[in-house]
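Engineer: Now for the letters of each chain:
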Amino acid sequence: MSQQMAGAKGSSKMTGAKMVVQALKDQGVEVVFGYPGGAVLPIYDELFQQNEIRHILVRHEQGAVHMAEGYARSTGKPGVVLVTSGPGATNAVTGMTDALLDSIPLVVLSGQVPTFLIGTDGFQEADTVGITRPCSKNNWLVKDPAKLSETIHQAFHVATSGRPGPVLVDIPKDVQFAESDYTPPQKARVSHYQPKVKGDIEAITALVEMLEQAERPILYTGGGVINSGPAAGQLLCELADAADIPVTSTLMGLGAYPASGKNWLGMLGMHGLYEANMAMHDCDLMINIGARFDDRITGRVNAFSPNSRKAHIDIDPSSVNKVIRVDLPIIGDVGHVLEDLLRIWKSRGRKTNKEGLAKWWKQINEWRAVNCLAYKPSADIIKPQYALQRLEELTRGMDRYVTTEVGQHQMWAAQFLHFDGPNRWMTSGGLGTMGYGLPASIGVQVAHPEALVINVAGEASWLMNMQEMGTAMQFRAPVKQFILNNERLGMVRQWQQLLHGERYSQSWSESLPDFVKLAEAFGCKGIRVDHPDQLDDAIKEMLAYDGPVIFDCLVEKHENCLPMIPSGNAHNDMLLPSDEIRAIQGAGAALV
Amino acid sequence: MSPLQIQQGSSKHSAYDLRDPYTEVLERHTLAVIVDNEPGVLARVIGLFAGRGYNIESLTVAETDHQGHLSRITIVTTGTPQVIEQIKAQLGRIVPVHEVHDLTVEGDAVERELALLKVKGKGEARIEALRLAEIFRANVVDSTLESFVFEMTGAPTKIDAFAELMRPLGLCEIARTGVAALSRGTAAC
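Residue numbers (the working numbering), protein chains in the order written: chain A, 1 to 592; chain B, 1001 to 1189.
Partial selection, computed: residues in chain B whose CB lies under 7 Å from chain A:
| # | residue |
| --- | --- |
| 1 | Arg-1044 |
| 2 | Gly-1047 |
| 3 | Gly-1051 |
| 4 | Glu-1085 |
| 5 | Gln-1086 |
| 6 | Ala-1089 |
| 7 | Gln-1090 |
| 8 | Arg-1093 |
| 9 | Val-1095 |
| 10 | His-1098 |
If you're looking for bench data, these hints aren't it; they were derived computationally from the structure. Where a beta carbon is used, it is the ideal one built from N, C-alpha and C, also for glycine.
Looking at chain B on its own, in the form it has when it is part of the complex:
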């Protein structure tokens, strides 16, 4: 109980906190948003998430259709089912947004992320790092006598697992691109 004696409930802090108290289960969804490739579109999308208090776990964006002047934004977000529905509807009404696809709902999707990991070490640790990298099919893209930079592509969980193994072996820096995703099968956005 807070000092204001506010009870927990459907409107626990203000009239604007209207999340359904009965479905507090957070879901993780991957959204593909096709937008006009013009200045300010990304700001508009990010501003929507910031302004309405939605989560962004990962976001990637790049032009995917040069002639059609379109970009694809892949967003991984979490929220209750009601919030996820709102996010999709709010994205859909942004004027430069053409399509919103919920890859988590529309069927199985392939998700891949690229990571670069710098591991410093000597002796046995260095050999162990290289051995594990081989198992995970990570490539060495830079090497000194005391360090490696590994490149690996995979599902985010695979990268998490690799990074966790590298930590005691001298992991000192990591850069990740965020998730790119496509639906499996013949269906296309």
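Same shape as in the complex, but just chain A:
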């Protein structure tokens, strides 16, 4: 009765813990990935007494953050993580750094020892805001219960505005118990943080002029197109197809322009396609859309696309001129800028340099004919490329999401799997976090329960977070773990072969588990396949099984991932499958 009275008067006093849950509900959060502990027990108590927010109990906090990343990348919504103080928070650091480098919106809530214990080296105390400062977009330690709900709303605003990224709110236990007034999202001050989304019209017009005259233009797209939302991808397709410009993409941007589209050149960069890298090197107009000239993309900086004029569309001013000097920076959201660009280009009569483009496409088709992804097939050993080609063939047209771990298999997946839409491809690009793929696949499956979710993995990466199979079982996430097992740390082995005189220091996996028995131990299905003739049936069996599957695909142990631009080389100096493998020497040997 008294509660009803309070409600009638419009008072909204509640405990800090209740405010946390209320704020999450008001932000539209459906799922939280987390792990309880002493300093977050009041929040877990509130979660227990409601049914709107689902909690996914992970097996390690790193897994929680990667799951939230998978959830965020596949939905475009922020992922939410709840961890306890001390080790709970420090275990979240790798995932937060991963999200920072790949610009993934995450809100991490961590418990903290009570305010009166802060600074006393209390049990499970760590300086969480200090530790996570360099790996978050922003973070807050909330000592005043009156500011808690507003801070959480601000956290969501910062995580999702501008260039997205992870944020952390550290909540001492006494603040979770204390009572105060709840601030709803509409009344929260979202600070002065309002990044500019509209691009400068004069600059966009200048870009249209360059586009109209360019003989050899190329669109170099990145994760910014996907972060900008589905509309940005559609505008990109419209521009590329209407102006007939070739499109290449970074690892992060795959799917924004469909792989089945006629102007698609494939991924660029260190293990990118020959035609994509050659076109980047020889173009006369490069339009960078939401990418950041990462060192995996540029190769040797002073030999990077030497004869082109470069435009760069990015929402983050610090991306511009960081690595490569550009002639025309446009600061703004990709979707907004592309919309203006298309409008201006159309209003000026949809002009292009038809003669130049015809020659350009002729040249590109010659590069395509090199067939840079060719590999030597085998009748008795499964080539990793072949395994991925069969996976692609047998899952074509399905409602499919793919995550990966990090290494050779990741690059092969990027080369051989095709994505026709955004948010279908989740991989750790910037940080290169082994152990990302399995938890990320669970996060994707939680967001899309009916879809087919496959984690393309190497056995070494996969073992780094394999405990999360328990999470997949508990929450009935039928993720398919497609492990290309070469019993090697494949990419390390490849570099040791090419750079370190074939001295294979610590790059093989001994004492691997029996993955089929491991699957049985977790209560899911295990499939092993070691012959090309059995591969199709095995994949079909995996797809047909209604539950998680660990698919142990024994592949060629010494296959190299090609093409490859060795570090320190220019884009037009690639190792191709047809080349005799030569050792990399000189300056390149010191690069990463």
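Since chain A is already given, all that's left is putting chain B on it; use the hints.
Structural biologist: Okay, now just chain B, sitting in the frame of chain A:
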């Protein structure tokens, strides 16, 4: 040439050392950064400089707007033009940072620093120190029979010059505040 046979160039040590080899001219810039006065902001700014390998020559910070809850950080930094541009862009994207002003680029600026200098000495040296202090308009804020503490305010170069003159006269300790700077004229941050 290092033992690794690494050639000097645009990426002389690693792929992350990407400074333009052609403009190695270091410039000195004074930046005024207006930030929310909240815990951790200074750590965030300093962490940015440490984490990305930028130089800090001098840094001062204090609350300047109590009601607006704002502080002003004045940073003197050196770097190539490209690095200076990066520093400004990186500062600008820190969430609690409101404004970044490059006083060196935006026009003439007044720069002042306060210093306290302790000079020990007897006889002629002591008299000479006092005479020079008068010329430099330094005030005596503490005195014993064998020492002075001088207070002086001025451009950093003036303080450098004074300290250099005091060295042979018994300078034994110096404390400096770092630079505070404002743009000249009517323009305001």
